[in-house]
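Undergrad: Spelled out, the chains give:
Number of protein chains: 2
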Amino acid sequence: MKIIDGTIASPKGFYADGVHCGLKKKKKDIGWIYSEKKAQAAAVYTTNQVKGAPLLVTKEALGVAHQLQAVLVNSAVANTCTGETGIEDAYQMQRLAADKLGLENHQVAVASTGVIGKHLPMEKVTMGIEALSMKSGNAQNFHEAILTTDLVTKEICLSAMIGGKKVTMSGVAKGSGMIHPNMATMLSFITTDANIPYQLLEKLLKKKVDETFNQITVDGDTSTNDMVVVLANGCAENKEIVEDTPEYETFSQMLRMVTEDLAKKIARDGEGATKLIEVSVNHAATESDAKKIAKKIVGSSLVKSAMFGEDPNWGRIICAIGYSEGTFDPSLLDIFIGTQQVLQDGLPCDFHQTNMQKILAQDTVSIQVDLKVGTSQGVAWGCDLTYKYVEINACYHT
Amino acid sequence: MKIIDGTIASPKGFYADGVHCGLKKKKKDIGWIYSEKKAQAAAVYTTNQVKGAPLLVTKEALGVAHQLQAVLVNSAVANTCTGETGIEDAYQMQRLAADKLGLENHQVAVASTGVIGKHLPMEKVTMGIEALSMKSGNAQNFHEAILTTDLVTKEICLSAMIGGKKVTMSGVAKGSGMIHPNMATMLSFITTDANIPYQLLEKLLKKKVDETFNQITVDGDTSTNDMVVVLANGCAENKEIVEDTPEYETFSQMLRMVTEDLAKKIARDGEGATKLIEVSVNHAATESDAKKIAKKIVGSSLVKSAMFGEDPNWGRIICAIGYSEGTFDPSLLDIFIGTQQVLQDGLPCDFHQTNMQKILAQDTVSIQVDLKVGTSQGVAWGCDLTYKYVEINACYHT
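From first to last, the protein sequence lines are chains R and A.
Going by the numbering used here, the first residue of the first sequence is number 879, and it counts up by one from there.
Going by the numbering used here, the first residue of the second sequence is number 879, and it counts up by one from there.
Derived by calculation from the structure, the hints in this document are not laboratory data.
Here the structure is a predicted model, which is why all the values come from computation and not from measurement.
Errors might be hidden in some of the hints.
Since copy identity is lost for identical chains, a pair holds within one copy or between any two.
To be verified - Simulated pairs of lysine-lysine, BS3-like, Cα-Cα distance not exceeding 25 angstroms: (1) Lys915 with Lys929; (2) Lys1266 with Lys1084; (3) Lys905 with Lys1002; (4) Lys929 with Lys1250; (5) Lys915 with Lys1013; (6) Lys903 with Lys880; (7) Lys915 with Lys1043; (8) Lys929 with Lys1084; (9) Lys1250 with Lys996; (10) Lys1081 with Lys903; (11) Lys996 with Lys1085; (12) Lys915 with Lys1142.
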């Protein structure tokens, strides 16, 4: 398995494009991914009880045959809290894309990210769809078209041999605050030319999203429009992947690598962030405990502020563990920041100040917690809390 | 029932004092409350699984006879994550105070707030206790001695007639961040000369703390040292209060007013805060739902940032409701900011921009949510998220 240069359109049979249609002032704001063959598809959605209209339409589409051939995405307007008109608009987006691509409506997923409570200007969207190219587009433009306040595009491309065939998998994501100022959302789209049935795709996607995307936090706010969609069109012509085989294992590792990489890129590009924080919890009673504790630590405003201030404030880490509701024994706790141990068996230990300062000055800081109560582990990712975060979120006006 | 000028020593038979013993550079850092008669007592403690040593000692003391005659409190050092030595130090504090006041050890509660992982300098503490006055102290000094990064002292004093006798109740609190940079904690102490058995005191305290102190959030971090203690010494000589009588009702209202007032003062004095945010949720399916939803809204970093920026960003409010896990129907939601309605039946409505700006510029902003699914209600209090919060928590160094 190796990382290669590529775009969301690198797997065989996929195409993508993005254009500016006027939802944003200047930047690209609408794009699509198209597969020349029907693709097995799976998706996971936000757990927020308020769901954007596109999620309802996409969920319905996937329910028909678990197959997709296109995903149409706009940024700047989330199409959430928009009532019946919003639902109609989402269907209209789907219909327009399907017509232009010669597909059934249910073969097109739609996704939106942006301001809540604003209707989509459908004239602009219609013009945007007209301007999108089916096969001669520029896939990098798609990566840009889905962004809101993100500072960089986020993508990864992998290849590996599966059943003697070269399989490629690409992923792209956006998400800066988990929600930005009314700019909802983390979105991610994954394409692969692997031949794999939707049932396995669905099962693996749920697991990987749980281990990666669901373990990042920028500000603790879960958006109304989060969505991850994976399409597998089989163009690599490998023999259909079967569960619990080496081929399945390779595919599973690829999906994990793609989702983890994108999740970390989202955390690093969190609103106002200056560094990525990675928290590992080891020897927990259960995996659920380990993930929960890791996420509480990385989500603590106090830990996040301390990391911004480059302060090895383990008291805040132990405090977050304490209110995590996970199982642990305070007198067994070991905590490391980078290579430096700060707590042993629940008591502070001396560390090398200069080395610690070097560790905290880096753009990735790792925190490792050893609970010593079991055999499970979990990881979570986040970013520091900075003046810039407050500025972005206070100075934005609706 | 009326609010009167007073201190924690205003109820009959109570005395208090505070001095500087060297835990802080200059400010007062140790103090006590003393009752000349045995007082019925009750306490609630942090839910954090990591608990400071003083909590263990106080819990044990209260378990003996549910009576206290003194509470000894220091600031600057939390005596948490300090192992066996920490427990010994807490017992030593208790013993020293008991000896000086001529009490049994178990009649003295101890509380600490400050840096985690640091041992109490017991020589200084000993000198502090020696310097404290039993009956001729200055109670206002106690209010100051328990502070960490608080900008103001927080107190309230009430009087009411109960069973033909004038009963006084006072409360004092500290707490700036729910945890400050390793400065743990919300602490509150309530004194009253009412005659009431500890069982009722305990029951009422739990309920009121749940409705008030547990409904405030500054940064979502629950400290290791939180503690609320109430002492009722009976010096008002009212007939012992019995459940479900008018006297019980009056006492209950007094306790509610004291805890709500202190809770709001803590929220308003939250680290870096410029305003108090009060969120009411009405017509919820259950009280638990209403409280949960209110707290999620007031705890959202995005809502908090918006309030700092004086932006009526209802999208963030609806989003927080969505991930609260409370029962609601998005299409029924009404939301008001101050007197201005921003959402009706789940859809945005026009509001008066100038009036809205006036509302958001005030130092208290109320947000009201009507779920229209039931008959229960709940309130939560918090503060805005500001540059100053980040500064306080990033620039502090351990």
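Undergrad: Each hint should be assessed against the structure and marked as holding or not.
TA: Structure-based check of all given hints:
1. Lys915 with Lys929: Result: close neither inside a copy nor across copies, 30 angstroms intra and 60 angstroms inter.
2. Lys1266 with Lys1084: Answer is neither; intra-copy 33 angstroms and inter-copy 40 angstroms both fail.
3. Lys905 with Lys1002: within (14 angstroms within a copy, 63 angstroms between copies)
4. Lys929 with Lys1250: Between copies, since 19 angstroms is at most 25 angstroms while 40 angstroms is not.
5. Lys915 with Lys1013: Result: close within a single copy only, 13 angstroms intra versus 87 angstroms inter.
6. Lys903 with Lys880: Answer is neither; intra-copy 38 angstroms and inter-copy 58 angstroms both fail.
7. Lys915 with Lys1043: For Lys915 and Lys1043, only the intra-copy Cα distance (18 angstroms) is at most 25 angstroms; the inter-copy one is 86 angstroms.
8. Lys929 with Lys1084: within (18 angstroms within a copy, 37 angstroms between copies)
9. Lys1250 with Lys996: between (50 angstroms within a copy, 24 angstroms between copies)
10. Lys1081 with Lys903: Answer is neither: 40 angstroms inside a copy and 59 angstroms across each miss the 25 angstroms cutoff.
11. Lys996 with Lys1085: neither (34 angstroms within a copy, 42 angstroms between copies)
12. Lys915 with Lys1142: Neither, since 31 angstroms and 61 angstroms both go past 25 angstroms.
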